[in-house]
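Model the full assembly from the supplied sequences, consistent with the hints where possible.
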Amino acid sequence: MAKAPTTATASDLSGALARNIKALEDRRREEAAKATPQERIAQAVTRFTGSMRFVYLHLILFGGWIAANFGLVPGMPRFDPSLVMLAMFASVEAIFLSTFVLISQNRMESVASARAELDLQISLLTEHELTHVAKLLASIAARLGIPEEEHPELQEVQAAVAPEAVIDAIAAEQAPVRG
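Take 0 as the starting number for the sequence shown in numbering that gives the first Met the number 0 and just add one per residue.
No wet-lab data here; the hints were simulated from the structure. Treat the numbers as computed from the prediction; the structure is a model and nothing was measured. Careful, some of the hints might be misleading.
What the hints assert, rightly or not - The list that follows gives simulated cross-link-like pairs (lysine to any residue, SDA-like), each with its CA atoms no further than 20 Å apart:
(1) LYS21 / THR8
(2) LYS134 / LEU117
(3) LYS134 / PRO146
Unchecked claim - For each label pair, taking beta carbons as the anchor points, the in silico distance ranges come out as:
(4) ILE20 / HIS131: 23 to 29 Å
(5) GLU163 / ASP25: 53 to 59 Å
(6) GLU155 / PHE53: 52 to 58 Å
Yeah, the Cβ is synthetic: ideal placement off N, Cα and C, and Gly gets one too.
This is how it looks when you write it as structure tokens:
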């Protein structure tokens, strides 16, 4: 039997989760407010050029241009019969559009990088705290005389993780094999 979709409302969220959502939204607004006029223009251009309105506009403009120069529009003289001017305009437009997209992507990458750094810091803090919680639980279990099962994972959970060692291990795995 299929589950009905969850219909949670904002009032159903825990206080901490609601605060976190608000903090993230406030941060997004701050980042948007810090954008330079050039970045805002680039974002607006990128947003428009990534829309169907942009596609329709080009279908009309380029289609009309081609139709006029193939003699399909009565009473309109051919002004670019070889379509060289159309190709030039399209090329110049592509240069500018790709520049606007790159500006927007650079800004988005900067924001994503900052968020990834925050995620890493929170993950490291969580790992540190959970290691202490595991040690505390093991101490409580020992004090209450509750026997721990012999699982190597229990000792691993209680061991502190060195982020540098993890980074080195990942780098070693990703290193290209030379032959």
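| query | For which of the previously enumerated hints does the structure constitute a violation, in increasing order of number? | reply | Hints 2, 5 contradicted; others consistent.
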